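Participant: Sequence:
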Amino acid sequence: MVLFGAGLFAPPLIHSMRQHGLNPVCIMDNATSKHGQSIHQVPILSPAEGHRLHSQLPVVISAAPKYIEEIRGQLVRMGWTRILDGLRWMSEFEYEQDTFAVGLDSLHNEIDRYVDEYVSIYHRDRLFIPSIDVIITEKCSLRCRDCSNLMQYYTNPRNMDADEVFLALDELMGFVDHVLEFRVLGGETFVNPSAWQFVERLRTYSHFTRIAVYSNGTIVPKGRNLQCLQHDNVYLRVTDYGPLSRRTEEMTALFRSQGIAYDVLRVDGW
Numbered sequence: 001m002v003l004f005g006a007g008l009f010a011p012p013l014i015h016s017m018r019q020h021g022l023n024p025v026c027i028m029d030n031a032t033s034k035h036g037q038s039i040h041q042v043p044i045l046s047p048a049e050g051h052r053l054h055s056q057l058p059v060v061i062s063a064a065p066k067y068i069e070e071i072r073g074q075l076v077r078m079g080w081t082r083i084l085d086g087l088r089w090m091s092e093f094e095y096e097q098d099t100f101a102v103g104l105d106s107l108h109n110e111i112d113r114y115v116d117e118y119v120s121i122y123h124r125d126r127l128f129i130p131s132i133d134v135i136i137t138e139k140c141s142l143r144c145r146d147c148s149n150l151m152q153y154y155t156n157p158r159n160m161d162a163d164e165v166f167l168a169l170d171e172l173m174g175f176v177d178h179v180l181e182f183r184v185l186g187g188e189t190f191v192n193p194s195a196w197q198f199v200e201r202l203r204t205y206s207h208f209t210r211i212a213v214y215s216n217g218t219i220v221p222k223g224r225n226l227q228c229l230q231h232d233n234v235y236l237r238v239t240d241y242g243p244l245s246r247r248t249e250e251m252t253a254l255f256r257s258q259g260i261a262y263d264v265l266r267v268d269g270w
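Each residue of the sequence shown is one higher than the one before, starting from 1 at the first, in this note's numbering.
Treat the hints as calculated values from the structure; they're not laboratory data. Keep in mind it's a predicted model, so treat the numbers as computed, not measured. Fair warning: there could be bad hints in the mix.
Label-pair ranges, simulated between beta-carbon atoms [stated by the list, open to error]:
id, residue 1, residue 2, range
1, Ala168, Met1, 38 to 48 Å
2, Leu8, Gln41, 14 to 24 Å
3, Arg183, Gln41, 28 to 38 Å
4, Gln227, Ala31, 40 to 50 Å
5, Ser55, Cys147, 54 to 64 Å
By construction, the Cβ of each residue, glycine as well, lies at the ideal position given by its N, Cα and C atoms.
Model the full assembly from the supplied sequences, consistent with the hints where possible.
Facilitator: In structure tokens:
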């Protein structure tokens with residue numbers, strides 16, 4: 001396949017296509033300043049050169065959704081007939097251990113932005129939710145003064161009951177066309193010994209992309225709480241508060257050994 005658009009969305013699209021066994025042969029772009037460069041070892045060519053070398057291949061538009069129709073018109077005038085956009089690969093992106101070598105933060109934000117913009121332009125009648133926070137516990141292993149979830153103010157914190165949570169979530173999901181990301185969090189997620197139940201039940205929904213499990217780096221998951229992180233559509237985000245997140249290194253070593261996709265977000269302020 002050939003891509004058109006060597007901008008913000010080309011790197012995650014290339015990565016996702018490779019996950020699906022596809023390797024773009026080149027990226028066409030109208031910006032002459034980009035010609036001769038490459039993105040993830042894929043060369044950037046002028047549209048004329050790309051057409052001369054690869055006119056028999058389909059083209060995937062890797063530019064921002066708002067430019068898709070303009071680029072499609074250019075490609076049609078050049079003689080291309082097999083023209084696709086990048087939504088399929090962006091929405092089926094799989095988080096895996098190798099993903100994080102290219103930067104989860106940027107990939108995460110770029111994919112979210114692409115899908116959100118695409119749906120807002122081409123599927124205005126659909127209910128698309130970028131993310132849903134699934135709070136599974138009010139308990140936490142830290143007591144942060146400025147906790148955004150106000151966990152320090154619970155006098156009798158408790159773990160959430162999965163049946164109670166999913167009674168509400170099942171009803172909500174009946175009205176939603178797609179959720180890009182479920183965010184499982186607390187408190188500290190792994191204070192709840194049944195955290196895995198929430199992850200596994202979220203995975204039974206058919207219309208979502210991924211599950212992000214959040215941790216503050218103080219509790220190493222074990223047993224089923226560890227096993228539930230090994231699915232392709234699940235990844236773990238560790239928020240690293242420095243010395244307070246005392247088990248971050250132990251956790252990341254474990255995740256690497258188990259092939260679990262994870263990211264460490266280091267914070268030094270509020």
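Participant: Quick check on a hinted range of 28 to 38 Å for Arg183 and Gln41, using CB atoms only.
Facilitator: holds (33 Å)
Participant: Are Leu8 and Gln41 spaced within 14 to 24 Å by their CB atoms?
Facilitator: At 18 Å between Cβs, range holds.
Participant: Quick check: does the Cβ-Cβ distance between Ser55 and Cys147 fall within 54 to 64 Å?
Facilitator: Between Ser55 and Cys147, where Cβ atoms are some 57 Å apart, the hint holds.
Participant: Taking the Cβ atom of Gln227 and the Cβ atom of Ala31, is their distance within the range 40 to 50 Å?
Facilitator: holds (47 Å)
Participant: At the C-beta level, are Ala168 and Met1 separated by a distance inside 38 to 48 Å?
Facilitator: holds (42 Å)
Figure legend: structure checked against the earlier numbered hints; every hint is met.
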